[in-house]
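Throw the hints in and build the complete structure from the sequences for me.
2 protein chains.
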Amino acid sequence: MSLHSQIVPPITKLLTNVETWIDLAHEHASKKSFDPAVLLAARLAPDQFPLLKQLQATCDHGKFAAARVAGKDPPKHPDTEQTWDEIRARIRVVREYVASFTPADFEGAEQRIVPLSFMPGKALSAPDYLHHSALPNLYFHATTAYAILRHNGVDVGKRHFIGALPLRDL
Amino acid sequence: MSLHSQIVPPITKLLTNVETWIDLAHEHASKKSFDPAVLLAARLAPDQFPLLKQLQATCDHGKFAAARVAGKDPPKHPDTEQTWDEIRARIRVVREYVASFTPADFEGAEQRIVPLSFMPGKALSAPDYLHHSALPNLYFHATTAYAILRHNGVDVGKRHFIGALPLRDL
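As given, the protein sequences belong to chains Z and W, one line each in that order.
Each position in the first sequence, counted from 1, maps to that position plus 686 in our numbering.
Each position in the second sequence, counted from 1, maps to that position plus 686 in our numbering.
Mixed in with the good hints, there may be bad ones.
Copies of the same chain look alike in the list, so a pair counts if it fits in one copy or across any two.
[As the list claims (entries may be wrong)] Here are the simulated EDC-like cross-link-like pairs (lysine to aspartate or glutamate), alpha carbons at most 20 Å apart as the crow flies:
#  : residue 1 : residue 2
1  : Lys844    : Glu713
2  : Lys717    : Asp759
3  : Lys717    : Asp733
4  : Lys699    : Glu793
5  : Lys739    : Asp765
6  : Lys762    : Asp721
7  : Lys758    : Asp746
8  : Lys758    : Asp791
9  : Lys844    : Asp746
10 : Lys758    : Asp771
No wet-lab data here; the hints were simulated from the structure.
In structure tokens:
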């Protein structure tokens, strides 16, 4: 299976799904007559990141997965978002960035090495980076964002997490 | 990257990490003088599965990932666990099952089709099953289990989720 298939369709879909959760969060806030901005500061534990940061981290690990495996410099996002409109815009930008990668971008990536900025002198192979760091981190932060919403009564369900499947007829 | 590398090392490691969370949950219960069994029934939303079921689902998606991609029948686990010892035993059995797969077990798996029991007549290619269903579900349930523990004050951190990385020197 190509690295493109492992990265581009699943991650662009996940970021599309996240926008659905945002729509449902706004519906819930409207129904319960509270400011949806309240949810951006919600968290599951006092020493864990709030929803806004979980969404920023989801974007980061999505763009890092594509960029680092392909050996490109990802666009910088300095975590300055404060509103739903701003974080939604970032999700869209990152989704379009990930979607822009073609199979040719990943040619030779099996042999690429990804240096780890937080461990000077150490690195992972690009495939190991994808499967031991980028994907676990991506799903960790996306699921935590989903869990914060669900814990706060937003009507998200498993289908909104998994999204559409690339089905075939038997 | 081989399907073996995408499945066996990351999933066996995740199940190893889950046992670390269980140890930390027991430490927390001991320190706060409550019965750790209380945590098995904890949940983040009234209509979401409790911790015990999240751990059972984590085991299931781990064993399904290996078995279905390799075209084997996974062992059955009827969700009868009620205690920490029982769910810990299941995690170990599933980890050993996943660890038992060799690269040869995945030969030809790129062309395998995985029927979907909940969608009669429909299927996914084995690689799509892995990346659009098994891994998102696995990380969803594992992260939700982690989130339930963290929400309840257990001292789990990100390093306990990600675990050891297959590092190389630069």
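Evaluated hints:
no.: 1; hint: Lys844 <-> Glu713; in the structure: within (18 Å within a copy, 31 Å between copies)
no.: 2; hint: Lys717 <-> Asp759; in the structure: neither (42 Å within a copy, 46 Å between copies)
no.: 3; hint: Lys717 <-> Asp733; in the structure: between (30 Å within a copy, 19 Å between copies)
no.: 4; hint: Lys699 <-> Glu793; in the structure: neither (22 Å within a copy, 28 Å between copies)
no.: 5; hint: Lys739 <-> Asp765; in the structure: within (8 Å within a copy, 35 Å between copies)
no.: 6; hint: Lys762 <-> Asp721; in the structure: neither (29 Å within a copy, 47 Å between copies)
no.: 7; hint: Lys758 <-> Asp746; in the structure: within (14 Å within a copy, 36 Å between copies)
no.: 8; hint: Lys758 <-> Asp791; in the structure: within (9 Å within a copy, 34 Å between copies)
no.: 9; hint: Lys844 <-> Asp746; in the structure: between (23 Å within a copy, 16 Å between copies)
no.: 10; hint: Lys758 <-> Asp771; in the structure: neither (28 Å within a copy, 47 Å between copies)
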